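> Read off the chains here:
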Amino acid sequence: MKVKVKKMFPPGHVRTPSYLRGKIGEVERDLGYFKNPEELAYGLNAHKQKLYRVRFEMNEIWGETCENPSDTVDAEIYEHWLEKV
Amino acid sequence: MPHDHNNEMSPSGHPYRKDQDHPLTYWQNLEIAVREILVEKKITTEIEIQETINEMDNRTPSNGAKVIAKAWTDPSYKQRLLTNASDASRELGFDIGPLKLIALENTKSIHNVIVCTLCSCYPRNLLGLPPDWYKQRSYRSRIVKTPRTVLKEFGLDLPKDLSVRVHDSTADMRYIVLPMRPHGTENFSTQALEKLVTRDSMIGVGLPKSA
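Chains as they are written, first to last, in the numbering used here: chain A, 1 to 85; chain B, 1001 to 1211.
These are computed hints drawn from the structure, not numbers from a lab. These numbers were taken from a predicted model, which means no experiment stands behind them. Heads up, some of the hints might be wrong.
What the hints assert, rightly or not - Derived DSS-like pairs: lysine-lysine, alpha-carbon spacing no greater than 30 Å straight-line:
| # | chain 1 | residue 1 | chain 2 | residue 2 |
| --- | --- | --- | --- | --- |
| 1 | B | Lys1100 | A | Lys2 |
| 2 | B | Lys1100 | A | Lys35 |
| 3 | B | Lys1152 | B | Lys1209 |
| 4 | B | Lys1135 | A | Lys48 |
| 5 | A | Lys2 | B | Lys1108 |
| 6 | A | Lys2 | B | Lys1145 |
| 7 | B | Lys1135 | A | Lys6 |
| 8 | B | Lys1070 | B | Lys1100 |
| 9 | A | Lys4 | A | Lys48 |
| 10 | B | Lys1152 | B | Lys1195 |
| 11 | B | Lys1145 | A | Lys4 |
| 12 | A | Lys35 | A | Lys7 |
| 13 | B | Lys1135 | A | Lys4 |
| 14 | A | Lys23 | B | Lys1152 |
| 15 | B | Lys1100 | A | Lys48 |
| 16 | B | Lys1209 | B | Lys1145 |
| 17 | A | Lys4 | A | Lys23 |
| 18 | B | Lys1100 | A | Lys84 |
Build the full structure now, drawing on both the sequences and the hints.
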């Protein structure tokens, strides 16, 4: 499943790295549900959100001048940060 | 004063280092305040806190090495490790709490390396405290952009046909790399293999020692 990380910049405790925002990747695995750290960090009654491991290719993240296009970065991204491509 | 050295040199000809004492920071004061309240309210004790610190300090990469060596010698354990690394670690008696661990297998065509670009997430229960460089921005920002250059600085020059997979611990998972078993170790016991597994090989910035 191809997904795109939403390009948004909300304030607060966010665990989606900036360098992956707006980038397209492939879901590597579904990790199940975890409490949303954006709420948990402030002692709120955190909702459970689905968490995915998403694999990004280097040229998608860093462009044509990347070190080696066949290398990848995997990161855990919460569902509310993802949209289907 | 007799113990003030000012700009004097030590007998071996080196300048004396400054004491590390400095006024408490805001966060240090906060930690002390919270700790004292918890003790006062009998929620915990000084001994309990000290014991937990000792427990954390006593975790070393030799824990992780036991997991790796077992996976090298027992194919069904390796399968369980790759399916659920948390349960496989518990099987060997490591208390890893609620930690969700994923083992990443290095092969002839894939080399894995771990990082936490956001902070310093690290498989502490199996490897102990992270090395200083793991927490520094230099490693965290460069390993996701130019992993091959960084790995070369660690002494790992990887061929182009080997894919590098960087794993950014951004949320609830922690990672450990399962390195390839060194050549020429077919007759090694599990205990002998454990000694070849280095901390860096389980982070992915190194390889196990050769036989």
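> Determine for every hint whether it applies to the structure shown.
Status of the hints after comparison with the structure:
| no. | hint | result |
| --- | --- | --- |
| 1 | Lys1100/B - Lys2/A | holds (25 Å) |
| 2 | Lys1100/B - Lys35/A | holds (14 Å) |
| 3 | Lys1152/B - Lys1209/B | holds (17 Å) |
| 4 | Lys1135/B - Lys48/A | holds (28 Å) |
| 5 | Lys2/A - Lys1108/B | holds (27 Å) |
| 6 | Lys2/A - Lys1145/B | holds (22 Å) |
| 7 | Lys1135/B - Lys6/A | holds (27 Å) |
| 8 | Lys1070/B - Lys1100/B | holds (19 Å) |
| 9 | Lys4/A - Lys48/A | holds (21 Å) |
| 10 | Lys1152/B - Lys1195/B | holds (24 Å) |
| 11 | Lys1145/B - Lys4/A | holds (19 Å) |
| 12 | Lys35/A - Lys7/A | holds (22 Å) |
| 13 | Lys1135/B - Lys4/A | holds (28 Å) |
| 14 | Lys23/A - Lys1152/B | holds (27 Å) |
| 15 | Lys1100/B - Lys48/A | holds (16 Å) |
| 16 | Lys1209/B - Lys1145/B | holds (27 Å) |
| 17 | Lys4/A - Lys23/A | holds (6 Å) |
| 18 | Lys1100/B - Lys84/A | holds (26 Å) |
The earlier numbered hints are all upheld by this structure, with none contradicted.
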